[in-house]
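K.L.:
Quick mapping for you: the protein sequence lines, in order, are chains A and B.
Each residue of the first sequence is one higher than the one before, starting from 1 at the first, in our numbering.
Each residue of the second sequence is one higher than the one before, starting from 1 at the first, in our numbering.
Any given hint could be a false lead.
Ranges between beta-carbon positions, derived for each pair [stated by the list, open to error]: (1) Ala-139/A x Ile-165/B: 44 to 54 angstroms; (2) Ile-143/A x Gly-38/B: 43 to 53 angstroms; (3) Phe-72/A x Leu-44/B: 53 to 63 angstroms; (4) Ala-355/A x Leu-51/B: 57 to 67 angstroms; (5) Leu-44/B x Trp-175/A: 47 to 57 angstroms; (6) Glu-49/B x Ser-330/A: 39 to 49 angstroms; (7) Ala-139/A x Leu-44/B: 25 to 35 angstroms; (8) Leu-132/A x Leu-51/B: 15 to 25 angstroms; (9) Lys-162/B x Tyr-238/A: 45 to 55 angstroms; (10) Glu-169/B x Asn-117/A: 28 to 38 angstroms; (11) Asn-264/A x Gln-53/B: 46 to 56 angstroms; (12) Ser-114/B x Glu-285/A: 36 to 46 angstroms; (13) Ser-335/A x Pro-33/B: 44 to 54 angstroms.
Within a straight-line C-alpha distance of at most 30 angstroms, the following computed BS3-like cross-link-like pairs (lysine-lysine) qualify [what the hints assert, rightly or not]: (14) Lys-129/A x Lys-130/B; (15) Lys-102/B x Lys-129/A; (16) Lys-129/A x Lys-68/B.
Just so you know, the hints here were simulated from the structure itself, not pulled from any lab data.
Virtual Cβ for every residue (Gly too), placed ideally from N, Cα, C.
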Amino acid sequence: MVLLALTLFSYLFIDPNFIYMKNLYTGFSLNFREMTTFIYLLLISAFFVLYILLLKNVNFFSKKIKANSKLFIFFLVPLIAYPAILSFDLFNYIATAKILFYYHENPYIIMPIEFINDPVLLFTRAANKVALYGPGWIAISGIPYLLSFGKYILSIYIFKFFISLFYIGAGMLIWKITRSLFSVLLFMASPLIIVETLVSGHNDIVMMFFALLSFYFLRNKRIYFAIFFLLVSILIKYITIFLIPIFIITIIFIYQNKKIDWKNVYFICFLSMLLIFLLAFFREEIYPWYAIWPFSFLVLSPNHKVFLYSFISLTFGLMLSYSSYMYSGSYFGLSHAIRMLFIFFPVVVFFLYYAFRKTIRLI
Amino acid sequence: MKFKFWIFAIIILVSLSVLRSSHAASSYVLPYPSEMPGSRLYELSQVIENLSQFWNFGSFGKFGYHLKLSDKYIVEGKTLFEYKQYLLAYESIQKSNQYFVKTYPNLQNAKTESKDISEKSQVLNEASIKHIEELEKIKLYTPDIFVWTPEKKPPTKLQIHKLLIESIEIRKKNQ
Chain A
1 MVLLALTLFS YLFIDPNFIY MKNLYTGFSL NFREMTTFIY LLLISAFFVL
51 YILLLKNVNF FSKKIKANSK LFIFFLVPLI AYPAILSFDL FNYIATAKIL
101 FYYHENPYII MPIEFINDPV LLFTRAANKV ALYGPGWIAI SGIPYLLSFG
151 KYILSIYIFK FFISLFYIGA GMLIWKITRS LFSVLLFMAS PLIIVETLVS
201 GHNDIVMMFF ALLSFYFLRN KRIYFAIFFL LVSILIKYIT IFLIPIFIIT
251 IIFIYQNKKI DWKNVYFICF LSMLLIFLLA FFREEIYPWY AIWPFSFLVL
301 SPNHKVFLYS FISLTFGLML SYSSYMYSGS YFGLSHAIRM LFIFFPVVVF
351 FLYYAFRKTI RLI
Chain B
1 MKFKFWIFAI IILVSLSVLR SSHAASSYVL PYPSEMPGSR LYELSQVIEN
51 LSQFWNFGSF GKFGYHLKLS DKYIVEGKTL FEYKQYLLAY ESIQKSNQYF
101 VKTYPNLQNA KTESKDISEK SQVLNEASIK HIEELEKIKL YTPDIFVWTP
151 EKKPPTKLQI HKLLIESIEI RKKNQ
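Next comes chain B alone, as it looks inside the complex (with noise of 0.2 angstroms):
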């Protein structure tokens, strides 16, 4: 009876063990949700959103802004899924993964200057754990595809999980 007590707790912990380190949530903080499209201050946060890709240089500055763009577009559209703004998130979803593949080819180039890229590696890894996270959770209460029809505009069919999936995959690129 002891000896399969033992065993029983064995598995028990094991287990727990296992759950644990598979749901290991990633420290890495996102940012809160900024202006909104359909906002009259969006626009203009776009404009300075082009422009400030001139005031961060350099291989660290460009590493930088990607991410940081990359995480603001997640949230937006993280957000927007949760208001059933389909069309729109499916788009800021779109925008983070454009900003995300370019992050790891300036740490790279960084890499390349002879500058030491070991923390903004890990900054980099932890951020696409947390951006997985993130887009798994969108996936459980969004719809595979939806079609969105505005008025007197076509409608447009979103495969929102082929994309959430697609950017579940270009993340654990560079985990």
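Looking at chain A on its own, in the form it has when it is part of the complex (with noise of 0.2 angstroms):
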């Protein structure tokens, strides 16, 4: 239902620019941002009210999942909602697939400002840089593009769907790595993976799918099968080579026949990738869909329950922080300093509550 209500949601951003859709057009995010903020605060908070009841009460969501796995199927509905609500990403990935696939340029030194008249400017943005993702993800980005046979509408779906499989692929993972139901639903019932992964179209799914896959092999002592997908998810967006250290290590104990204990491997490959993501604040700012990166690994190793929860926190207040944008129209000032308020404010309540808790025990 709140998937549902998200989508329907979703169709009140649309671009006043955005031809394809002019009919759809009403202005509402624009003109009453009050109202929009507050229904998306609402949304968002049921949604993870009720991803944490899910998580609460696996055991007893397990028995339906088992006897219907179709049911994984309802995820998948923001699938159809308008991309554009967070984040304008998806349009930048059409656009440097049409500067390969359609201009026949090259996306790395041609930007989409260069084609003057080219209807997709009108709501594209960053359409004055080159591309910014690997050559892998360019490359498969032709897939969903000519897929699309210049059907821009259809593009933007068929991405999405695109972008799916490697969601649904990602859960599959998951589940031959953990064989945990409650990992699975970890990830893939997360609202920030489903709204920055089947909402937005955003592909740092694309490159953890493969750096999962990559893993998958390694456990299974395939090893040059794991290399070639670790390459394939660096040449996706390149975070991933901070993965290649604990790569060569745990190559090593296993030449060296070593035991090595996979749920450690996986933790400190959320840490780096942690790190990583924190350190985007520095660089640039951080982008909720970040994300993605550390939870990836965060999931297959469940068992540290502080970072675990204190992590979902973190993915609360990102969903969360996109309402001071909603609300001012602004990125910077005020709005930023709210921005990141909202997004550290439910980890703060977390540790609070735990600090609180561990009190309440040891009196």
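Grab the two chains, each in its own frame, and use the hints to assemble them into the complex.
P.N.:
Written out as structure tokens, the structure is:
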């Protein structure tokens, strides 16, 4: 129900310049900012409450899911959502793919803005930048682009569908690695994962799918496959390059026939991705979808409860942080400060609650 | 008397405006001089330059690649002329020309591919003006003909002004 509401809500965000859906444009999100922010906060909060309930009652839900695994299809409802509710990156992916596969130019040297009069310039953000993503992403983005036969609306949904395949694939890998429904639900039902992957269509899930696939093969001692898929992951968005040290150490351990505590390996992967995620704050700023990097490994090792729940709190904060722009229409000044406050507020609350419970137990 | 003054003033103003327009400087910015011949990194830069033609595919990409190198070699030529390295400077201007003549055909290709070339044409036009400005300046302080006589090698007769005039003509075609 929440997913359906979120999907319908997304259509209130249609850009006035988005000519392909001008009949659906209402201007609601621009003219009724307070109401829009309120609905968003309500939906996201409800989504997180349901998520926590799902995790707390995973045994109850596991019976239902085992009886009918098609229930996972409900998670895919946001595929039909308008993608630019929180981020315009999907438009940028399409523009980049168009440069290579339609104009036959190199997206690393030619910017979308150089194609004057291209209608996508009306609503594509960061059109004055060359491609930011790895060649692996640009190459595979040709699949959804070419399948859309130049129809823009179709390309949006095909891109989202294409990205959702990696979301499903990641879920299946988590199941294969952990054999834990808790881990699968922790990942697949996460509001952050669903919103950033199925609504906004961020390609971070593609990078993390290949990283997980690499570690899956590594665990099965198929080293060459593992190296290949880690390389593919790096070529999607570069970030997983920071997994290389852990990867090499694990390979050495495998060759030395040493016993490997895989949960520890995943936890170290989580920590390294978390470090890069936090360092993004110094480079530019923390984008909520970056949380997909550490979270993909945290779900493989969910026994570190403090880390798990503090990270879930952080994902809640990251989702809430969108509301400051939604309300003010600005990314700067007070809006930015409130955004930062939103990001870390739930984490602080969690730690205060945790400390409170510890104190009570001691008393 | 007053009438004569006004006639004089108008003549001065008109001639000033004509002079100003004939010396209007192009806003196009040429790059800084990069590695010069003789430098250890020069050979490497040549290899990278040759390889990067594969990276710069597509009509816009090729246009940018050729214009960038034409700019680079005109700056290189100018710097070498200033140091009276006539043979090397002569070769640099020739290279600049070779790259420059390939810019316009790529724009034409882009046009046949239905790409809007208005902005790029403007860039090429401004680049042509800037190149002509620089070539005219070089002509002022270089000899018409220079015989370059290296040690243990036969001399080379460099028709510097002829090359500069040819270079200017190439660029005028694109204005």
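K.L.:
Hints the structure violates: just list their numbers, smallest first.
P.N.:
none
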